[in-house]
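Chemist: Each chain, letter by letter, is given below.
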Amino acid sequence: MSLRVDVDANELLRPRERKRRRRRPGAIAFDVLILVIGLLMAAPLIWLFAASATEPGEAFTLPPKWLPTPFSTENYSRVLELMPFGRMALNSLIVAVISVGGSLLVAVLAAYAFSRLAFTGRNQVLVVLLSALMVPAQLTIIPVFVLMRNLNLVDTLTSLWLPALINVFAIFFLRQYFNSIPRELDEAARIDGAGHLWILFRMLVPLSGPALSALAILGFQASWNNYFGPLIFISSPEKMTLPLGLVTLQSGQGGAPAAVVFAAIAMVVAPVLVLFLAFQRNFVASVATAGLRG
Amino acid sequence: MTTGLAAPAGVGAAAPPRRRAKRRQTLAGWAFLSPALVLFLLFVAGPFAFAIFLSVHSWDLLTPREYVGLANFRQLFSDPLLPKALLNTFLFALASVVTHVFGALLLALAVNRPMNRFVSYFTRSAVFFPYLLSWAAVALLWKYVLDPTFGLVAYYLDKIGIDAPNWFVDPSWSLAAIIGIDFWYTIGFTFVIMLAGLQTVPSELVEAARTDGANRWQVFWHVTVPMMSPVLFFAVIITFIGAFQIFDPIQIITGGGPDDATMTIVMFLYQTGFQAFQIGYASAIAILVFVVIMAVTGLQFLVARKWVYER
Numbered sequence: 001m002s003l004r005v006d007v008d009a010n011e012l013l014r015p016r017e018r019k020r021r022r023r024r025p026g027a028i029a030f031d032v033l034i035l036v037i038g039l040l041m042a043a044p045l046i047w048l049f050a051a052s053a054t055e056p057g058e059a060f061t062l063p064p065k066w067l068p069t070p071f072s073t074e075n076y077s078r079v080l081e082l083m084p085f086g087r088m089a090l091n092s093l094i095v096a097v098i099s100v101g102g103s104l105l106v107a108v109l110a111a112y113a114f115s116r117l118a119f120t121g122r123n124q125v126l127v128v129l130l131s132a133l134m135v136p137a138q139l140t141i142i143p144v145f146v147l148m149r150n151l152n153l154v155d156t157l158t159s160l161w162l163p164a165l166i167n168v169f170a171i172f173f174l175r176q177y178f179n180s181i182p183r184e185l186d187e188a189a190r191i192d193g194a195g196h197l198w199i200l201f202r203m204l205v206p207l208s209g210p211a212l213s214a215l216a217i218l219g220f221q222a223s224w225n226n227y228f229g230p231l232i233f234i235s236s237p238e239k240m241t242l243p244l245g246l247v248t249l250q251s252g253q254g255g256a257p258a259a260v261v262f263a264a265i266a267m268v269v270a271p272v273l274v275l276f277l278a279f280q281r282n283f284v285a286s287v288a289t290a291g292l293r294g
Numbered sequence: 295m296t297t298g299l300a301a302p303a304g305v306g307a308a309a310p311p312r313r314r315a316k317r318r319q320t321l322a323g324w325a326f327l328s329p330a331l332v333l334f335l336l337f338v339a340g341p342f343a344f345a346i347f348l349s350v351h352s353w354d355l356l357t358p359r360e361y362v363g364l365a366n367f368r369q370l371f372s373d374p375l376l377p378k379a380l381l382n383t384f385l386f387a388l389a390s391v392v393t394h395v396f397g398a399l400l401l402a403l404a405v406n407r408p409m410n411r412f413v414s415y416f417t418r419s420a421v422f423f424p425y426l427l428s429w430a431a432v433a434l435l436w437k438y439v440l441d442p443t444f445g446l447v448a449y450y451l452d453k454i455g456i457d458a459p460n461w462f463v464d465p466s467w468s469l470a471a472i473i474g475i476d477f478w479y480t481i482g483f484t485f486v487i488m489l490a491g492l493q494t495v496p497s498e499l500v501e502a503a504r505t506d507g508a509n510r511w512q513v514f515w516h517v518t519v520p521m522m523s524p525v526l527f528f529a530v531i532i533t534f535i536g537a538f539q540i541f542d543p544i545q546i547i548t549g550g551g552p553d554d555a556t557m558t559i560v561m562f563l564y565q566t567g568f569q570a571f572q573i574g575y576a577s578a579i580a581i582l583v584f585v586v587i588m589a590v591t592g593l594q595f596l597v598a599r600k601w602v603y604e605r
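Heads up: the sequence lines are chains A and B, in that order. Its first residue numbered 1, the first sequence is counted upward by one per residue in my numbering. Its first residue numbered 295, the second sequence is counted upward by one per residue in my numbering.
Wrong hints could be hidden among the right ones.
[Said to hold, decoys possible] Some chain A residues flagged as far from chain B (calculated, every beta-carbon gap over 10 angstroms):
id : residue
1  : 64
2  : 72
3  : 94
4  : 152
5  : 156
6  : 188
7  : 210
8  : 244
9  : 280
[Unchecked claim] A few chain A residues facing chain B, derived, Cβ under 10 angstroms:
id : residue
10 : 62
11 : 101
12 : 105
13 : 118
14 : 157
15 : 221
16 : 258
17 : 269
18 : 278
None of these hints come from the bench; they were simulated from the model. From a predicted model like this one, the values you see are computed outputs, not experimental measurements. Backbone N, C-alpha and C fix where the C-beta goes; we use that ideal spot for every residue, glycine too.
Make a model of the complete structure from these sequences and hints.
Modeler: What follows is the structure in structure tokens.
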């Protein structure tokens with residue numbers, strides 16, 4: 001099942017410029033209400049950044065801190081002492097890059113077969129592949145765990161990215177996208193002597209930028225935020241990705257002080273916030289057009 | 295879903311070369327598909343079949359497997375934890391669908407009109423942003439936000455004269471707390487889907503209805519909602535399927551407690567399979583999860599025939 005909405009992603013978060021006109025007091029009161037909703041949504045994050053940058057002893061005094069006074073970076077340096085933050089961030093990055101790159105390569109090849117090559121059994125195979133969208137991850141996780149155990153891959157990064165290489169949604173989404181690209185283009189290329197790989201990687205892939213970038217953003221986000229997989233497969237801290245590392249910091253071996261955990265959460269949230277502010281429309285567009293998780 | 299398969303390319307040439315061309319295309323087709331097929335067999339189809347096989351066995355990963363027939367399923371249906379887990383999961387899923395769909399629709403309508411640009415931009419971003427984070431960060435953050443001694447919520451509720459419950463100790467509040475946290479985390483997704491849906495409502499239709507004397511409320515019910523019904527249906531299905539598999543915040547914050555008040559079906563599966571290592575029993579639970587999701591989704595599709603507007 002998929003939903004394609006042709007939307008102008010630029011407008012989803014940044015409303016278009018409208019003519020200024022005199023506004024009724026009711027409308028202004030309504031604007032204030034909307035602003036309050038936004039502030040309520042943002043409040044936990046503002047508190048997170050303020051409290052984590054406050055001196056450890058003062059971080060959680062009441063009333064709650066909305067500004068980091070007295071300012072201190074001690075909580076942040078404690079995070080680096082208590083958990084291998086850099087190593088975990090690198091693990092997250094390695095797993096996400098391989099998952100996204102590999103799954104898109106596999107998907108692009110399969111989508112080409114489904115969109116451009118005629119062969120017996122094609123439609124049947126597509127239907128069988130699509131049935132995977134109905135299978136929840138919890139159903140396959142136990143057998144996959146047994147498989148990884150037999151392959152001696154438990155507690156390795158490979159166990160995290162290998163199962164992520166098959167992304168049936170990406171295959172279907174790209175097939176739909178390829179189908180929308182005129183076939184006359186490949187026929188012209190074929191007459192000029194181009195082979196399948198040339199047509200796929202020199203023509204269709206460059207023409208599928210929006211679809212590929214939407215899939216890449218969604219895939220990266222899913223991998224970067226994945227908690228279930230690492231929880232099942234990983235046990236050593238130096239193999240952990242950030243989400244599992246965060247939870248382990250809080251719960252493992254007596255648990256770190258709350259202010260240190262706060263600093264660690266802030267260190268995980270801050271880069272996402274920066275990326276969001278920089279590439280906002282790409283995030284929103286990927287959610288709106290390919291808005292289907294997994 | 296599979297409509298619009300294009301006519302095979304290359305059909306229509308002369309006979310003998312055509313057969314050869316066809317054989318070459320078949321070869322190329324399977325070659326291009328092979329990585330996907332191998333991975334599919336290894337990580338989807340194989341595990342699916344193996345899960346069914348495991349569900350009729352008793353196994354702890356260490357001692358040899360033992361065939362037990364349907365004993366795991368019999369044990370499951372008489373397990374007192376199952377009704378609790380199912381009830382909690384359905385309650386959570388229902389609350390999640392209702393709050394997400396209505397909340398997101400109201401929010402989308404509220405910001406989808408002429409208003410102060412900064413306010414509009416700020417609120418849209420603040421609503422969407424949490425969706426980009428991980429459950430690990432969100433669950434830990436909210437554990438502190440809801441802390442009864444130094445948390446934000448307790449402090450400000452106290453200011454307006456409300457005694458905040460001890461969310462994760464009091465069994466009657468812990469599931470509600472998880473529902474609230476999940477709302478904060480994922481409302482941004484539903485919100486963007488609704489905003490996109492609102493863009494698909496033709497403004498000529500709204501204007502025509504207004505000229506014919508319909509008030510805002512009538513326009514909403516008789517134009518906006520029917521035109522958006524495919525989007526609403528999509529939001530219901532996606533929210534339900536996601537909510538039914540809720541696990542991360544439960545594992546991180548409550549571990550299923552207190553007193554099993556937040557025990558959901560996937561948490562039950564996790565404890566059985568990966569903490570008690572009852573692999574066969576856990577596979578039976580996994581199959582139940584699959585069957586329930588299929589059944590409820592099928593039901594929703596049947597109901598949808600009655601009210602979803604097909605373009």
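Chemist: Okay, which hints does this one fail, numbers in order?
Modeler: 1, 8, 9, 11, 14, 18
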